[in-house]
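Turn these sequences into a full structure, and let the hints guide you.
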Amino acid sequence: GDSVTQMQGQVTLSEDDFLFINCTYSTTWYPTLFWYVQYPGEGPQLLLKVTTANNKGISRGFEATYDKRTTSFHLQKASVQESDSAVYYCVLGTGNTRKLIFGLGTTLQVQP
Amino acid sequence: EAAVTQSPRNKVTVTGGNVTLSCRQTNSHNYMYWYRQDTGHGLRLIHYSYGAGNLQIGDVPDGYKATRTTQEDFFLLLELASPSQTSLYFCASSNWGGAGQNTLYFGAGTRLSVL
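Same order as they appear, the protein sequences are chains A and B.
Residue 68 in this note's numbering sits at position 68 of the first sequence; the count goes up by one each step and never skips.
Residue 1042 in this note's numbering sits at position 42 of the second sequence; the count goes up by one each step and never skips.
Treat each hint with caution, since some may be false.
[To be verified] Stretch by stretch, here's where chain B covers chain A in the computed footprint (C-beta under 8 Å, at least three residues): (1) 43-56; (2) 101-112.
[Stated by the list, open to error] What follows is a list of derived Cβ distance ranges for each label pair: (3) L1080/B x R69/A: 32 to 42 Å; (4) S79/A x P1008/B: 14 to 24 Å; (5) H1041/B x S85/A: 32 to 42 Å; (6) I1057/B x R60/A: 44 to 54 Å; (7) S1084/B x S85/A: 29 to 39 Å; (8) H1041/B x D17/A: 45 to 55 Å; (9) P112/A x G1051/B: 46 to 56 Å; (10) S79/A x L1080/B: 49 to 59 Å; (11) G1016/B x T71/A: 17 to 27 Å; (12) N54/A x T1086/B: 39 to 49 Å; (13) S1082/B x V11/A: 42 to 52 Å.
Think of the hints as simulated: they come from the structure by calculation, not from any bench.
Please read these numbers as outputs of a predicted model, since none were measured by experiment.
Glycine included, C-beta positions come from ideal geometry on N, C-alpha and C.
In structure tokens:
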């Protein structure tokens, strides 16, 4: 079945550090890959959506791409700020279902 | 901006109690979803619906019922609540095509404690 694996449970960085979060996915269908972000006390919200392999999604200073060959996708940001502290979910969507498959989430803590 | 409103925001009940969580979306979206969020498990889909009167079973449906009364309103029912259902519940909506291709818009969540 379809699945997504998000290995990094917690990441702690200092302001202006580089962020890189990686996930792997498995599906027999053409995938759409998403990154959702959840700030404390709120529901998740869409950060980025990537529909084509090796194309880059960009939003709020974050970049995301996915690699069909390695079935991996990642989120990066060149210089994180304390306000980026949140939980980041990698999410798999496939055209054959009306559901999304969420990774377990990566808690990012950015220290001033 | 898409709007999904959940009520109540917090709820405490006892084992065996009857609980109804409410969700209203004003986005004119077709799809609505109920998720639970637990440490170590992330977000798990309980039930979803693609229109009034429709119900689809999610990945963790046991112990939950749901009903979509109108395009705007989706309810989650726990008829015999158990402590294992203590969790943070999120409602979400999305447009035609469903969440596989479209953005999910989440509410702020309902925190349920079953004592």
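Each hint tested on the structure:
{"no.": "1", "hint": "43-56", "result": "holds (count 5)"}
{"no.": "2", "hint": "101-112", "result": "holds (count 4)"}
{"no.": "3", "hint": "L1080/B x R69/A: 32 to 42 Å", "result": "violated (49 Å)"}
{"no.": "4", "hint": "S79/A x P1008/B: 14 to 24 Å", "result": "violated (40 Å)"}
{"no.": "5", "hint": "H1041/B x S85/A: 32 to 42 Å", "result": "violated (22 Å)"}
{"no.": "6", "hint": "I1057/B x R60/A: 44 to 54 Å", "result": "violated (35 Å)"}
{"no.": "7", "hint": "S1084/B x S85/A: 29 to 39 Å", "result": "holds (30 Å)"}
{"no.": "8", "hint": "H1041/B x D17/A: 45 to 55 Å", "result": "violated (29 Å)"}
{"no.": "9", "hint": "P112/A x G1051/B: 46 to 56 Å", "result": "holds (48 Å)"}
{"no.": "10", "hint": "S79/A x L1080/B: 49 to 59 Å", "result": "holds (51 Å)"}
{"no.": "11", "hint": "G1016/B x T71/A: 17 to 27 Å", "result": "violated (45 Å)"}
{"no.": "12", "hint": "N54/A x T1086/B: 39 to 49 Å", "result": "holds (43 Å)"}
{"no.": "13", "hint": "S1082/B x V11/A: 42 to 52 Å", "result": "violated (34 Å)"}
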